[in-house]
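Chain by chain, the residues run as shown.
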Amino acid sequence: MVRKIFVIILLIGLGWFFYGMADSFHGSDSLNMTASYYAENGAEEVGAANLVTAIVVTYRGLDTLGEVTILFLTAAIAAFFLKSKEEFSKRDVKPSSELLQTAAGMLVPLIFVLGVYVFVNGHLSPGGGFQGGAIIASGLVLLLLSKPLQKVNSRFFALVESFSGLFYVGIGVAGIFLAGGFLDNSILPLGEFGTLLSAGILPVIYILVGLKVGSELSGLLTKFQETQEEN
Amino acid sequence: MVDSILLNPIYIIGIGLGTSFILGFFKSGRFQAHPSAMHSERIKTAPWVLMIGALTVMTFISAEWLWSFLFNGQLPQQIYTAGFEPPFSINLLMGRNEAFFTLMVNLVGLLSGLYLLDKFKEMGTHALSVYLVLIMGLNGIIMTRDIFNLFVFLEIASIATAGLIVMTSDVKALSAGFKYMIATGLISGFLLIGIIFAYYFGGSLNIDSLAEANLTTVQGGVFAVFLIVVSLLLELKPFPANGWGIDAYEASPVGINAVISSASAGATYYVLSKVLIITDAKWYAVTAVVGIITFLGSNLMGIKQTNAKRMLGYSSVGQVGLLLVILGLSEQLGNSFKFIIFGIMMSHYLAKAGLFWLVGIVKTGILKDWGILRKKPVLVFFMGTFIFALLGLPPFPSFFAKWTLVLTLSAAGLNLWVGLILFGSLIEAVYLFRWFGYVLKLDADKERSLSTPFYRTFPVWLFGLLSYYIGYVASVMVPGGETLGMFYLPLAFVGFLFIIDRYLPVWVKNTLSMAAMALYGWYYMAGLSEFRMLFAIIFIGGGIVTMIAGYAKSGKRVGFYPFVVMMYIGLGGLLLSENILQFFISWELMTLGSYVLIIRGKKSMPHALSYMMFSLGGAFLILAGFGLAFAGSGVSSISLDILKNVTRYSGLIYTFLAIGFMTKTAVIGLHIWLPGAHAEAESDVSPMVSAILLKAGMFGLVVLMLAMGSQSLGGVSLPYLLGWLGAITALLGNLMAAFQEDAKRLLAYSSVGQLGYVVFAMAFMSHLGWLTALAFALNHFVFKALLFLAIGGVVMRTKTKTMYEMGGLIKRMPLSFISVLIGIIALSGLPPLTGFAGKWLSYNAVIEKGWYFQGFLVSIAGLVAFLYCFRLIHVIFLGQPKDKFKNIKEAPIAMLIPQYILIGVIMLFSLMPNMVLKPIGEFLVQYFPDGALQWDGGTAVSSLGRWSGVAIMNITIGIFGTILIWLLFMSRKAVKVKQFNIFYSGEAPSRPELTHYGYNFFAPYKKAVGFLVQPLVTRFWDGIADILHSISDFVRRLYNGNGQMYAFQVILFVVVFSIFTIG
Amino acid sequence: MTFEPIQIAWTLLGLFIVFNVGLLLTSTVRKIGARVGKRRGIRFFQPHIDLIKNYSFRTNFSHGIMFYLAPVFRLTGGIGIFVFMPIIYGSAHFSNFSFAGDAILIMYFIFFGTLGMALGAGEGAMPFSAIGISRGLSQVTAAEIPLVLAFLAVFIQNNSFSITEIVAAQQGGFLNWTMFTNPIATITAMLAFLGAMMRSPFDIVLAPQEIPVGPPTEFHSSFLGVLSTNRAIFPIAKTILYINLFFGGATNWPVLILKAFLLYMWSVVVGTVFPRFRTEQSIRWFMKYPLILGILSILVLQLG
Amino acid sequence: MLSVIIIIALTILVLAAAILAVQTTNLVVAVISAGLVSLMASVGYLFLSAPDVAMTEAAIGSGLSTIIFFYVLNRVRGKDHG
Amino acid sequence: MDFGLVAVVVGFLLILIGIWGILTQKNIVKIVIGFSIFDTGLHAIMVGIGYLKGRTAPILDSAVSPADALTSIVDPVPQALVLTAIVIGLGVTALMLAYVVRLYDYRKSLDISSYEDLKW
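Residue numbers (the working numbering), protein chains in the order written: chain A, 1 to 231; chain B, 10001 to 11063; chain C, 20001 to 20304; chain D, 30001 to 30082; chain E, 40001 to 40120.
Check each hint, because a few of them may be wrong.
BS3-like mimics (lysine-lysine), calculated; alpha carbons at most 25 Å apart, straight line [stated by the list, open to error]:
no. : chain 1 : residue 1 : chain 2 : residue 2
1   : B       : Lys-10172 : E       : Lys-40119
2   : B       : Lys-10811 : B       : Lys-10978
3   : C       : Lys-20288 : B       : Lys-11006
Each pair of labels, with its calculated beta carbon distance range [stated by the list, open to error]:
no. : chain 1 : residue 1 : chain 2 : residue 2 : range
4   : C       : Arg-20040 : B       : Gln-11014 : 52 to 58 Å
5   : E       : Ala-40063 : B       : Thr-10056 : 49 to 55 Å
6   : B       : Phe-10923 : C       : Val-20269 : 51 to 57 Å
7   : C       : Phe-20274 : B       : Pro-11015 : 33 to 39 Å
8   : E       : Asp-40002 : A       : Ser-36    : 18 to 24 Å
9   : B       : Asp-10936 : C       : Arg-20043 : 46 to 52 Å
10  : C       : Ile-20292 : B       : Asp-11022 : 30 to 36 Å
11  : C       : Gly-20033 : B       : Gln-11014 : 39 to 45 Å
12  : B       : Lys-10602 : C       : Glu-20004 : 55 to 61 Å
Keep in mind that the hints were calculated from the coordinates and are not lab data. Don't be surprised by glycine CBs; every beta carbon is placed ideally from N, CA and C.
The shape of chain A in the complex, shown without the other chains (with noise of 0.2 Å):
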């Protein structure tokens, strides 16, 4: 109980803190500097449509290339220290039911092409790599929830995963060469506004980072869904 008031002292504390900040904040009438530019060059300068994607992709690529790092790294230590079990063979699980059997045979697939589709179009409407990864990883979900007995290969995450990154940073490092710096966008034409192709190499990018995206966090279910069988 001494501990909760102490906690409540220091959060009034802390509150008294972000009552300022929040008192600072009166929101903005128009785009600060950065905003500005982006809005009136990110069209030009990159050809995608959302801007979200420009900024992401392009003007911010190096914290994408982070981003995906990240989750990289999440996926490798998780792999690294949630230990699989090597008999699989063991495990007595209760084969999950008909019905979800047949319902996840149709729809990984869907979800899968669902998933392709908004990392490819990710540079054109809402959505993108990291969306896209995540429908295809939780496409995944279902799959091993309808399956448990499949054994997931997980090295083809892996390498899906590692080829993914090594485009990536190949395309960045031939910006260096091929146009203005690293992950320059406009190794590639720009293309026509507004189409599919088009943006330069964005798209390919966002594509990679779906992939990536996509595999890595299947890995990292994978790992945890390893995890059930130990017990």
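Starting from the known structure of chain A, fit chains B, C, D and E onto it as the hints suggest.
Frame of chain A; chains B, C, D and E shown alone:
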């Protein structure tokens, strides 16, 4: 110029990432628990080779950049990503600082990667990826100029760290990793709020643009600045909100914590320094305050630690605190800032990585098990290197940095900071030296072996040697560094001795060392005059004489000669010094060398530690004094002459320097290190440290007093205080000597007393006083060396130092007996031998000056000296010989030769005191023209009395000889009788033990005046140590191991910090 | 003052006189003691006879080199004090070798003999000797503490260490004696004097009853002879020092002998009145009143 | 106006769900509540003209996170905690 | 009513609630839940900061032409940042949960006070 296409810094990131992705192609290795999953050796090594390759390229790139910055005039280069200019896209910067810091990170990454070979083999490719990403992330942190990108890289680094912590895969590591994640999660949350608000108020994420936006002037912007600064500070694990970080240090595998400590801390530190440009001066001050609290607090915590990793963790945090102080004070430090940071940073970097690597080689964190390291003396050498480097001893870079820091801070008037920094350094020295002592002294577990594969020792070697090289670089860069040439050749010889140390027998090395010292004396000292010449004779001449005793040793005596020579170089350096830098380096070299010599004694571990503590404390006071003098003299010069021109703080400077020097002369209150250190040292080391080393403090006082004359502090004349102090020291030192049972301890306390005389006499600040002091000093050197050598010889044979266990040795060791006899006559100041000169002069000085009561105390001290002198000779040499020593031999000839040389000196000096005292008086006249002694041939004439050494000697010998001949003639038929042929009421005692009265010899005295020698001073210092330990123990309860507690502390830090800064 | 060989002869003459005076004083004191105890006492020349007897014994008993050296040291100490001191003020013949040193020399020379004696006794390997030495050294050094103060007071008063000069300053009537010009220092010195004379209450060092053996028993024949010689010379030499420093010195032999006798009697009288102290008691005693008086004597000089 | 009401409702719900998530002793309820917080937040993001964020929050914050939480719960429940 | 401000305030409140959970709950799963609420709060603040009253999503389509983007869209930068932050948050959460699993394997306990091995 660096080719910006082929060696683009972005490749560091690209290669790091790309390679870790490639590593994903390899099958992952698994834990050892599943041997079925183990892959063949080659497959397991291939990914590792790949990673090492990547790290090598990364290292090469940053090295190449640094090279061009340093030598090719390369200009800093902006690296734009995505082909757009900042602030609209993320940009990186490769400047001189970035090149430097990335090189640091990559190099330690590479070496740790190498070091962790078998660990990685065990853990598989995932670990390799994570490791590589960590290094890459740290590079990103350093180079990026975008604050959100910075956040991403920080997250990468902290997640990778959390991942690597669990590589050891035990539950401790897991819980530590979890706590680490909780804390860093909160911190990065705060950072993110700060970033987004900075964006809101500053309109950009680019650090340079934010700096232009002057956030601190915007209402609300200050919140953003606050959160950014506080989170980055928290990333640096400030005390007391750093329990999570400390646990992480303790839990992570050794190669990894080397990276965390050296590279991560460096990178995060650099981040803070570059982000601080978005703030204003106030935040620099805040950083400095947080830094000093961390520095002091963490080092205090370190005292109580028993685990090497955790202790090093505290030490790392403390060092980062120091770096923060420097960063916070960068404005005040001005041009020296970069040099100081460079020095402290490099030392911390090299030493911490090296020490952590050593932890892995020793394979235990328990400090008391570290004796095993002695199986590899080279590693002990490097461990010493690292510890000395960490503590800022020469010739390591941090020494020069701390030196410059103190001088610059003093010049800027920031004396409190100097004090706190030095105090913190002293606390840090406590536990590091204690640890080093364990390594050198504690018994090793015989069963355990020390496996030292090349890939583990190579990094240690490399960083150890780099420490010296960087130290050299720093020594050239430091102001006044051009005057350090005088150390190069002598220290090169020390290096040579280190190299040959393990291969040559002792007599070769002894001869070489003596020859080297003779050459050193000949080439360097020949031009000296006056005081310096006098001390040169004691230091170098005396050193050579005492080293003759070294021939008595057999075997190799590894680790002895380099330090002996180093000590003498330090002593010689004091005399050659023309500026305070040279002087201070010499002082530290001497301390270092003597520390190692002292700790070589069998039971000297605690004594060597207290020696080092007092020496370092003294050295820091000297440093502070020099700093004040530098500031107070008004001329920006480091010449020793500034002491003469001091206009401000003169009282303080005088006090600091005097106390600093008196730690070496062991004035009462600062003497407790001496008895143990001198008594436990080896038989030929004791004379060096007692007869010679103590004079270094005296020389310091000479320099100080000649330059500054008499000063007063708070209306009290300082020489007057010194006079009292010296007199009390003389009395108490001698009294304590009288009550010792241990022969060498007795001599050691006697040294305390004798040096008390010296301080007393110097305090007169008069011609006669100084003449007395110098006569005392010369005498003390001669007879103390003689006595220590003689007693050392006895101890060597009897294997005991306890006097009452001996007895009757005169029959077995007559030559040693004569040495001791001459020695004690000289010591107690009986005419006709040389000791009387000092007594006579001191009476003259006392009456002339009017310090009657002080003089009275010193006279009593002389009487007491008589007591212990007699005890020394009686209990050891006279009385009944013990059975067990019936057949012992005379001391080795090598020990006797120097003794008889010294006896010769005593005799010569006794016969012709004018030969020595007259020239001394002649040059003293320059400084103290009044009251000089007149010489009438061999007779000294003062205004009060006269003293003719020659006449006294001749008359005494005449009487003595006459009576002796008469007596011999009268009892010419007498023969020596058996041991027990004494009158004992008819019964001969059966055991010699019963008939040797030696224990508690002066029992009545002890009953009567024992209250004077209560170990009050010891209790005082013990009390201080206890208080420090208790505080440490109490405060560290904060770190109760609970993750929530740590989170609480982190948030509390934020809240309290906000109250103090913006509240 | 330069050294001329003839001085040796004069010094030896002085030494001879002092030696005889010392022996006679010993017997006189014992005689007085006996008469007080209603006994006849020894003959006046008994000490001379004893000495001759001791010297004429031949021994074949030695404990080693230090056994020889001890008596030599002892006697050298005694004679040394004598020869470095001017005996008769104003006499060119009896100034001895005082040109070689001053009062400081004599202060320290006292210990020369003490050390030698102690060493020799130690060599005798008799444990009681060692105990005796331990006590003796403790007590002597304790007694020296006030003595140093008293001497210092005299030195300060005269601003000289030279005994001749100090005596010179006391000439011209007994009111010029230090005894009257600086009574506190004199009292201090006289109290300290008791400790140095090893008579009751400070005679535990010799402790004739409790410790029947020790130096006097281990040393015999000519060894004892040398020691006895010293016992004749040493106290008188020491007394002469006191006379010179505190009681106006002496301008001729009779005055010197008279003063020496009176001073000597002072310790005898005290000794017959007071019982014996244990060693630590005597040390404490010296650290009380004599010490306070000694400090006072210097304070008086400093303030006055 | 409608949007204001929805926003107010969302605000209250979000906070209520959050409090429930940290206060309840039932881990399943807690995880679901936490997922709800994310889900409602993602609805809120739509009102803040952030469809990308809304999608991501929904897919990752309320979707995948919750799934992982459940895996973990499944792994650790029934032994000593509910 | 400024939705942006509402989001910021709600975000701060969520952060406080999350911290409350982190600091008071003994169960480590609950602590991780606290974290995820903390993260959600962070994201809400960031989105709220980027919001401009009455503007549309930063997607240029038939409704918003590139020409009048400047005056009609909300700030896209915080949104981009949030995307990154969410994914990072997921990584952190997943890693923490992985820790939970492993910790549980060792001690069969979810109480944070069972894991105080390293201290002082």
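Going through the hints against the structure:
1. B/Lys-10172 / E/Lys-40119: At roughly 10 Å apart (the allowed maximum being 25 Å), E/Lys-40119 and B/Lys-10172 satisfy the hint.
2. B/Lys-10811 / B/Lys-10978: OK: B/Lys-10811 and B/Lys-10978 at ~12 Å, within 25 Å.
3. C/Lys-20288 / B/Lys-11006: OK: C/Lys-20288 and B/Lys-11006 at ~16 Å, within 25 Å.
4. C/Arg-20040 / B/Gln-11014: 52 to 58 Å: holds, 55 Å
5. E/Ala-40063 / B/Thr-10056: 49 to 55 Å: Check passed, 54 Å falls within 49 to 55 Å.
6. B/Phe-10923 / C/Val-20269: 51 to 57 Å: About 55 Å separates the Cβ atoms of B/Phe-10923 and C/Val-20269, which means 51 to 57 Å holds.
7. C/Phe-20274 / B/Pro-11015: 33 to 39 Å: holds, 36 Å
8. E/Asp-40002 / A/Ser-36: 18 to 24 Å: holds, 20 Å
9. B/Asp-10936 / C/Arg-20043: 46 to 52 Å: About 50 Å separates the Cβ atoms of B/Asp-10936 and C/Arg-20043, which means 46 to 52 Å holds.
10. C/Ile-20292 / B/Asp-11022: 30 to 36 Å: 34 Å Cβ-Cβ, so the 30 to 36 Å window holds.
11. C/Gly-20033 / B/Gln-11014: 39 to 45 Å: holds, 44 Å
12. B/Lys-10602 / C/Glu-20004: 55 to 61 Å: This hint holds: roughly 60 Å between Cβ atoms.
Of the numbered hints listed earlier, not one is contradicted by the structure.
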